[in-house]
Amino acid sequence: MAENSENGKPGNPIRRAWNWFWTPTAVLSAGFVLIAGFLGGIMFWGGFHWTLELTNTEEFCTSCHTMETNLAEYRTTIHYSNHSGVRAICSDCHVPHEWQHKLKAKIMAVKDVYHEVVGTISTPEKYEAHRGDMAAVVWRKMKLSDSRECRNCHNFKYMDFTIQETRAAAEHQRALDENLTCIDCHQGIAHDLAPGYQERYREVVEELQASNALPVAPSEDVAAIRSYVADLAE
Amino acid sequence: MIGILDLLGTVGGNILSFPGILGLALGMMTRNWILAAAMGGAVGVAETFLFAGFKLAEVQMIDLAIAALVGVLASSVGCAIRHKGATV
Chain Z
11 MAENSENGKP GNPIRRAWNW FWTPTAVLSA GFVLIAGFLG GIMFWGGFHW TLELTNTEEF
71 CTSCHTMETN LAEYRTTIHY SNHSGVRAIC SDCHVPHEWQ HKLKAKIMAV KDVYHEVVGT
131 ISTPEKYEAH RGDMAAVVWR KMKLSDSREC RNCHNFKYMD FTIQETRAAA EHQRALDENL
191 TCIDCHQGIA HDLAPGYQER YREVVEELQA SNALPVAPSE DVAAIRSYVA DLAE
Chain W
5 MIGILDLLGT VGGNILSFPG ILGLALGMMT RNWILAAAMG GAVGVAETFL FAGFKLAEVQ
65 MIDLAIAALV GVLASSVGCA IRHKGATV
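As they're listed, the protein sequences go chains Z and W.
Positions 11 to 244 (the working numbering) are the ones given, in order, by the first sequence.
Positions 5 to 92 (the working numbering) are the ones given, in order, by the second sequence.
I should point out that these hints are in silico values taken from the structure, not numbers from a laboratory.
Each hint should be verified, as a subset may be incorrect.
Calculated pairs, DMTMM-like style, for lysine to aspartate or glutamate (alpha carbon to alpha carbon, straight line, at most 20 Å) [said to hold, decoys possible]:
hint	chain 1	residue 1	chain 2	residue 2
1	Z	K112	Z	E69
2	Z	K121	W	D10
3	Z	K151	Z	D194
4	Z	K151	W	D10
5	Z	K112	W	E62
6	Z	K112	Z	E78
7	Z	K136	Z	E126
8	Z	K151	Z	E135
9	Z	K136	Z	D122
10	Z	K151	Z	E213
11	Z	K121	W	E62
12	W	K59	Z	D241
13	Z	K151	Z	D202
14	Z	K116	W	D10
15	Z	K112	Z	E63
16	Z	K167	Z	D241
17	Z	K151	Z	E108
18	Z	K136	Z	E78
19	Z	K116	Z	E126
20	Z	K151	Z	E217
21	W	K59	Z	D156
22	Z	K167	Z	E209
23	Z	K136	W	E62
For the chain Z half of the interface with chain W, some residues (derived, Cβ under 8 Å), not all of them [unchecked claim]:
hint	residue
24	V105
25	W109
26	Q110
27	L113
28	M118
Each residue gets a CB set at the ideal place from its N, CA and C atoms; glycine is no exception.
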């Protein structure tokens with residue numbers, strides 16, 4: 011197999027490797043191959059997951075020049091520094107926890123590398139020119155997912171409206187009643203907003219409503235709260 | 005309308021999820037191409053419903069189609085591996 015049978019010269023290395031790869035093993039038992047494959051699989055999957063988690067770190071996210079502006083803005087917010095010492099880093103808000111959504115987000119994030127390379131937002135002027143568009147992309151994602159990433163930490167179920175500020179409690183109650191989602195009110199929670207952002211946000215919502223992309227049913231926690239309140243009323 | 009980036013992300017996510025991995029494994033368990041494709045497609049459909057919490061209203065048709073297609077392709081590749089790499 012290692013030599014060309016016609017002229018006796020060694021064959022193409024790629025061809026030889028291909029043939030070796032597909033030749034049935036004569037020295038290994040099925041159990042050996044299974045156990046070795048299982049261990050190899052664990053090592054591969056562990057390494058894959060570990061690498062994926064490395065791309066979730068703040069250091070990784072902000073290692074690009076273009077991320078300096080939003081990093082500086084984020085560092086002035088309550089999600090960076092607060093009385094409780096709990097920090098939400100980039101991936102907490104921008105990377106879903108669920109496997110299928112996380113992988114999709116990671117693959118889509120390749121566009122960030124592309125824009126870093128071509129310098130789409132490499133200067134403050136360019137950044138400001140694109141600020142509204144970048145925000146609109148994130149708003150659209152959050153509105154579509156019912157602010158899924160916010161709800162990894164914040165949940166109506168865990169909120170005690172009685173110890174919230176009066177205005178916050180009233181607005182959260184309104185959000186429950188009107189089936190609103192976090193991003194409907196909390197735009198700019200971690201980054202500065204572009205001028206005219208409210209009109210832009212309205213455009214995003216209207217576009218989603220026009221395409222019937224928005225969920226019509228309340229989220230599970232909202233439905234559970236409504237059910238609980240209805241039981242209390244009875 | 006799904007964007008190109010959305011499409012690529014959905015396909016990639018499915019390749020590294022149930023349809024891609026389990027589909028490939030199921031395909032490697034048979035030499036029958038039709039059975040392999042059917043099992044892969046079924047995994048894709050099942051995964052979409054599983055991740056939607058078995059709520060029909062939350063199932064996006066485009067996600068369902070992509071998951072089923074990835075499942076069929078992965079299980080077909082698995083079946084090809086069975087043909088090429090096994091004598092039984």
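Is the straight-line distance between the alpha-carbon of K151 of chain Z and that of D194 of chain Z 20 Å or less?
-> Distance of about 12 Å is within 20 Å: holds.
Hint validity - M118 of chain Z Cβ closer than 8 Å to any chain W Cβ = holds (4 Å)
Pair hint outcome, K116 of chain Z versus E126 of chain Z [Cα-Cα no greater than 20 Å] | Distance of about 16 Å is within 20 Å: holds.
Is the hinted pair K59 of chain W and D156 of chain Z satisfied, with a Cα-Cα distance of at most 20 Å?
-> Holds, because 16 Å separates the two Cα atoms, which is no more than 20 Å.
Under the criterion of a CB-CB separation shorter than 8 Å, is V105 of chain Z in contact with chain W as hinted?
-> It is violated, given that the least Cβ distance between V105 of chain Z and chain W is near 12 Å, above 8 Å.
Mind checking the alpha carbons of K151 of chain Z and D10 of chain W for me, to see if they're no more than 20 Å apart?
-> holds (11 Å)
Regarding the pair K151 of chain Z and E108 of chain Z, is the alpha-carbon distance no greater than 20 Å?
-> Between K151 of chain Z and E108 of chain Z the Cα gap is close to 15 Å, so the pair holds against 20 Å.
Quick one, are K112 of chain Z and E63 of chain Z close enough, alpha carbons at most 20 Å?
-> holds (11 Å)
Measuring from the C-beta of Q110 of chain Z to each C-beta in chain W, is the shortest one below 8 Å?
-> holds (5 Å)
Given pair status - D241 of chain Z, K167 of chain Z, alpha carbons within 20 Å | holds (15 Å)
Given the proposed pairing of K112 of chain Z with E69 of chain Z, does the C-alpha separation stay at or below 20 Å?
-> It holds: about 19 Å lies between the C-alpha atoms, which stays within 20 Å.
Compare the distance between the alpha carbons of K151 of chain Z and E213 of chain Z with 20 Å, and conclude whether the hinted pair is satisfied.
-> holds (14 Å)
Comparing the model with each numbered hint stated earlier shows that hints 6, 8, 11, 12, 22, 23 and 24 do not hold.
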